[in-house]
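Spelled out, the chains give:
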Amino acid sequence: MTVAVAAATAAGAFALRDVEQDWARVVTDQGAHNLDLAPTPDPDPAGPTGPEVAPTVAEQVTAELAATVAADLTAWWPVTATAATTGQVACHPGTGAPGRVQVTGSGPDGAVRVDLEPAPAGTATATVTARAQSPCPGHRLARSSAHPTGAPAGFTATVTAPPTGPGKVTLTQVTWSRGDVLVTVTAATADGQRTPDRDLVAAAVAAVDGAVLAALAPVCPDLAPTAADATRNPAWPGYTGRRDPLAVTVPPVPPVPDPDAPDPARVVPQVPDPAPVPDLAPLLPRPQGDQPGPQGEDEAGDPWDGAARGPAPVLVDPAAFAPAPQVGDPGREPVRPTAPTTVTFHVPAPDPDGPGCGWAFTGQDAPGVDVDELAAAREHAARQAIADATGARARTWVATLDWARTWPRWAAAKDAADQVAAYEQARAEATARWEQATAAWQASVDAWLAGPTPTDPDPDPGDEPDPDPTPGGQP
Amino acid sequence: MTRTTRLLLLAVTVAAATGCTPSGDAADPDPTQAAPTDQVTTQETTPAPQGTPQAPVAGPHGGEPIADGLVTPPGTVLVEPAQTVSQGDVTGWWAALEVTGDDLDAVADDLGAQLARAGLQVQIGTVDDVVVVRAEGVTGQVVRHYDVQVIPAGQGLPAQVQILAAAEPAVAP
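Each protein sequence line maps, in turn, to chains G and R. In case it helps, my numbering puts the first sequence at residues 1 to 475. In case it helps, my numbering puts the second sequence at residues 1001 to 1173.
Since the hints were made in silico from the structure, they are not lab data.
Calculated Cβ distances over 12 Å to all of chain G for the following chain R residues:
(1) Gly1062
(2) Glu1064
(3) Gly1069
(4) Pro1074
(5) Gly1075
(6) Asp1102
(7) Asp1103
(8) Asp1105
(9) Ala1106
(10) Gly1119
(11) Gln1121
(12) Val1138
(13) Gly1140
Here are the computed distance ranges between Cβ atoms for each label pair:
(14) G:Val335 with R:Gln1155: 28 to 36 Å
(15) R:Pro1065 with G:Gly331: 35 to 43 Å
(16) G:Val371 with R:Glu1136: 42 to 50 Å
(17) G:Pro325 with R:Pro1169: 23 to 31 Å
(18) G:Val219 with R:Pro1065: 51 to 59 Å
(19) G:Ala261 with R:Pro1169: 18 to 26 Å
(20) R:Gln1155 with G:Thr338: 17 to 25 Å
(21) G:Asp260 with R:Gly1154: 34 to 42 Å
(22) G:Val371 with R:Pro1169: 47 to 55 Å
One-sided excerpt, in silico: chain G residues whose CB lies under 8 Å from chain R:
(23) Leu246
(24) Val248
(25) Thr249
(26) Pro251
(27) Val347
(28) Ala382
(29) Ala387
(30) Ala389
(31) Gly391
(32) Arg393
(33) Ala394
(34) Trp397
(35) Leu401
(36) Arg405
(37) Thr406
From the three backbone atoms N, C-alpha and C, an ideal C-beta is built for every residue, glycine too.
Generate the whole structure from the sequences, applying the supplied hints.
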């Protein structure tokens, strides 16, 4: 298996590291035992061959990091050869800063590449985010997931290189940022194995991340700049300058008393009163010697005339219920609006030190400060804060006044709906009891027709079925 | 009598809240008849004719129009012109001013006077250094509410005035 790793640097974010096509082709074509780890050429003419300038802090740090990573490579990756050089590490030109380095290692089991790329102050996080959305041209982002190491910004991506050799090469890249350095670890497979050993990738990422943090901690004030910090850098397209958030307290909304609950209004008829139902009085068992069958069942009148009967059940006649009025669904209870307690606005401010690792890290000049423009911008921000707070109060106040009007309507609708629900519940219960009484009456008739039960000549009244609600008691 | 000694949201008279330079305008009260500005009394305002909405009437000092006939008091500039807001049966508007002078009480009194001249019942008080002017009145079938807060400078902001107004039907549907 051949494995390769690439790393890049940028300010404040992890970005999808672009893997050069030729590097992928090398991995595929030459196999694990003969990897060409030569760095890709730097297209910047002012790069290694440009005029001599004093190295920036970023250049010093990345150079030291390259040596550290190269020396420790064999501890976290089974390689037999390493190299650390300056080279092209990005397919998005113009986003980096001087100091880009590349560390590669190869061995019988694979190859790895680490790219370290300084980014203009404060732009690393935003750069990583942008690269996650836009991989190198010619590469297909097969899948991407959150960074597994807890870096402030980063992602893991699987990239398929273009089929320039005998076959495609699948590269696993983990890209993230610390301070103003974008780091990418890339692992690629050869010999037909498409997925790098995940344990090796994880080991490489952990080792490189630890080394980067240790190198940057002494020189970088903010190791975790946000994506928004990029707007503090004039080199970023969305430059706004430093704007400090300031939370302003929103005064209380004018008091609106809780509305009174509406006077209860009865909307449903009275539930009928219960009354004895003689027709559903159960028949008592016949004494020994009686003729089976109802008395005079072919004659008009009560066929059970003369039969002994139990007490009449006391029931509410379901037929006595009047139709309930139709009421609408009251809906959800209107909630009293809540006012925001603060509004936040952003005050333009001087930015002498810079975001992330600071202007000095990559040798960038601090943006100039126009005192008059700054004062005007601060005044504008203050006016906006006043307007925002006033608008927030007004919207909440109007909404609260409206709530005070709508809540009683909801409460009345809710009360009516509750009344109807209770009325229908009473009707349902009355119907159920009536049906139970009817069933009990029918059971008593069946028992009467069957004659005395030898095993239970004197049944316990408590065992008798419940009376039933069929008016008239006719089976 | 200082502002802090006032009871919260005490009613003041129309004349007491004037604080404007008399100009002979017939709409202005006679300054010679005005009560002292620190006098706290209650005045019965004349109810507006039913069905006739009555907007507040600005004073004679000729400030910048805000909304509903209100104008900016002396020593203030308009930060945010009137913005409308509505929900359900309630409609309203709001505007924000920046106070450029030092006399916050005068600003509150001027706005209170403008509202009082429109026939609204005005109350002025102080809550945590914020001068609060509240006014309410019924014009026709509409209940009108005003809330004016004069907030001292702080939190990086200059002294400011927040004006809130709302109107709702007088009778709940």
